[in-house]
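Visitor: Throw the hints in and build the complete structure from the sequences for me.
Protein sequences, first through last, are from chains S and D.
Per the working numbering, the first sequence runs over residues 67 to 221.
Per the working numbering, the second sequence runs over residues 67 to 221.
If you are wondering where the hints come from, they were derived from the structure by calculation, not from laboratory data.
A few of these clues could be false.
When chains are identical, the list treats them as one kind, so a pair holds in a single copy or across two.
Claimed, not checked - Here are the simulated SDA-like pairs of lysine to any residue, each with C-alpha atoms no more than 25 Å apart in a straight line: (1) 141 <-> 88; (2) 133 <-> 110; (3) 133 <-> 151; (4) 133 <-> 69; (5) 133 <-> 99; (6) 73 <-> 123; (7) 194 <-> 204; (8) 142 <-> 126; (9) 109 <-> 148; (10) 133 <-> 144; (11) 83 <-> 216; (12) 109 <-> 132; (13) 160 <-> 199; (14) 216 <-> 101; (15) 160 <-> 75; (16) 216 <-> 195; (17) 142 <-> 99; (18) 141 <-> 155; (19) 142 <-> 174; (20) 141 <-> 126; (21) 160 <-> 116; (22) 112 <-> 68; (23) 112 <-> 155; (24) 220 <-> 130; (25) 160 <-> 67; (26) 142 <-> 185; (27) 73 <-> 138.
Here the structure is a predicted model, which means the values were calculated and not measured.
2 protein chains.
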Amino acid sequence: MIEIERKFLVKNDSFKKAASTENRITQGYLSSVAERTVRVRIKGNKGFLTIKGASNESGLSRFEWEKEIPIEEAKKLILLSEAGVIDKTRFEIKMGNHTFEVDEFYGDNSGLIIAEIELSSETETFLKPDWLGDEVTNDIRYYNAYLSTKPYNKW
Amino acid sequence: MIEIERKFLVKNDSFKKAASTENRITQGYLSSVAERTVRVRIKGNKGFLTIKGASNESGLSRFEWEKEIPIEEAKKLILLSEAGVIDKTRFEIKMGNHTFEVDEFYGDNSGLIIAEIELSSETETFLKPDWLGDEVTNDIRYYNAYLSTKPYNKW
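Guide: As structure tokens, this is what we get:
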């Protein structure tokens with residue numbers, strides 16, 4: 067499928083009181099190049115393998131393929147990944163017809179909080195909560211694959 | 067799982083008359099580095115995603131994870147792969163308790179024929195047919211991931 071996403075910085079942690087779910091995520095990359103990202107993720111007690119292609123010209127859509135896999139297999143695959151495993155907590159915040167996914171990063175990316183919203187078209191509008199900061203959709207430094215090799219603390 | 071395999075050159079095509087199955091295979095790589103190879107394969111009307119780790123010291127065993135995926139998904143994923151899609155026919159030849167998989171390559175790797183046998187231990191013995199040539203197990207030039215970027219015709 068093609069995924070349409072916009073990404074924003076987060077001004078403060080007032081989003082936490084509106085969160086409906088909260089899950090610890092660890093993820094590593096078997097390939098971190100933007101044209102063919104291969105990600106192994108452990109989210110709570112589930113495993114996922116995700117493959118993403120390059121972004122389109124606007125930077126908003128990207129081919130994405132994802133399969134749930136047994137957590138024991140995910141643990142073995144994450145051991146193969148490149149240096150720089152990402153560790154974060156994901157909060158989900160429902161807002162009108164949409165859901166913001168807000169990631170608070172730890173380790174070498176601590177201090178960074180990013181909100182993402184998935185849209186059904188590139189022109190779809192959505193409500194902007196007051197904790198939402200500057201848009202960074204087109205800035206590849208905020209790709210998790212990029213953060214795994216160039217973490218926020220080294221910018 | 068850990069895969070134990072030995073790999074040999076093939077002297078002539080007399081193996082073909084003993085083959086029990088024959089399937090065309092096309093495969094591309096989302097990562098072709100030996101430490102974390104990610105392969106998308108189309109074999110006949112089936113799709114597969116395979117991840118391999120680095121070889122152990124002897125060069126005989128390697129971590130391997132494989133999932134069958136719908137062929138339509140495999141076709142989309144192969145479009146994301148690095149340059150150098152591999153095209154070959156795989157013949158299976160039963161010999162005693164083992165099965166040789168013999169790959170005849172086309173395109174930039176034409177002229178190359180490689181036989182592989184999977185073993186249950188590094189010391190297990192097996193019958194050697196008269197078409198079997200020199201062993202190349204430890205020669206990474208014969209990895210398909212390597213052949214995809216440095217094809218046989220350019221050696």
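Visitor: Now, for every hint given, state plainly whether the structure supports it.
Guide: Status of each hint after checking the structure:
| no. | hint | verdict |
| --- | --- | --- |
| 1 | 141 <-> 88 | within (21 Å within a copy, 35 Å between copies) |
| 2 | 133 <-> 110 | both (16 Å within a copy, 22 Å between copies) |
| 3 | 133 <-> 151 | both (20 Å within a copy, 23 Å between copies) |
| 4 | 133 <-> 69 | both (15 Å within a copy, 23 Å between copies) |
| 5 | 133 <-> 99 | both (20 Å within a copy, 23 Å between copies) |
| 6 | 73 <-> 123 | within (16 Å within a copy, 44 Å between copies) |
| 7 | 194 <-> 204 | within (18 Å within a copy, 58 Å between copies) |
| 8 | 142 <-> 126 | between (32 Å within a copy, 19 Å between copies) |
| 9 | 109 <-> 148 | within (19 Å within a copy, 29 Å between copies) |
| 10 | 133 <-> 144 | both (15 Å within a copy, 16 Å between copies) |
| 11 | 83 <-> 216 | neither (30 Å within a copy, 55 Å between copies) |
| 12 | 109 <-> 132 | both (13 Å within a copy, 21 Å between copies) |
| 13 | 160 <-> 199 | within (17 Å within a copy, 64 Å between copies) |
| 14 | 216 <-> 101 | both (17 Å within a copy, 20 Å between copies) |
| 15 | 160 <-> 75 | within (17 Å within a copy, 60 Å between copies) |
| 16 | 216 <-> 195 | neither (29 Å within a copy, 52 Å between copies) |
| 17 | 142 <-> 99 | both (21 Å within a copy, 18 Å between copies) |
| 18 | 141 <-> 155 | within (18 Å within a copy, 34 Å between copies) |
| 19 | 142 <-> 174 | within (23 Å within a copy, 34 Å between copies) |
| 20 | 141 <-> 126 | between (31 Å within a copy, 23 Å between copies) |
| 21 | 160 <-> 116 | within (24 Å within a copy, 37 Å between copies) |
| 22 | 112 <-> 68 | both (23 Å within a copy, 23 Å between copies) |
| 23 | 112 <-> 155 | within (14 Å within a copy, 37 Å between copies) |
| 24 | 220 <-> 130 | neither (28 Å within a copy, 34 Å between copies) |
| 25 | 160 <-> 67 | within (23 Å within a copy, 41 Å between copies) |
| 26 | 142 <-> 185 | between (33 Å within a copy, 22 Å between copies) |
| 27 | 73 <-> 138 | neither (31 Å within a copy, 30 Å between copies) |
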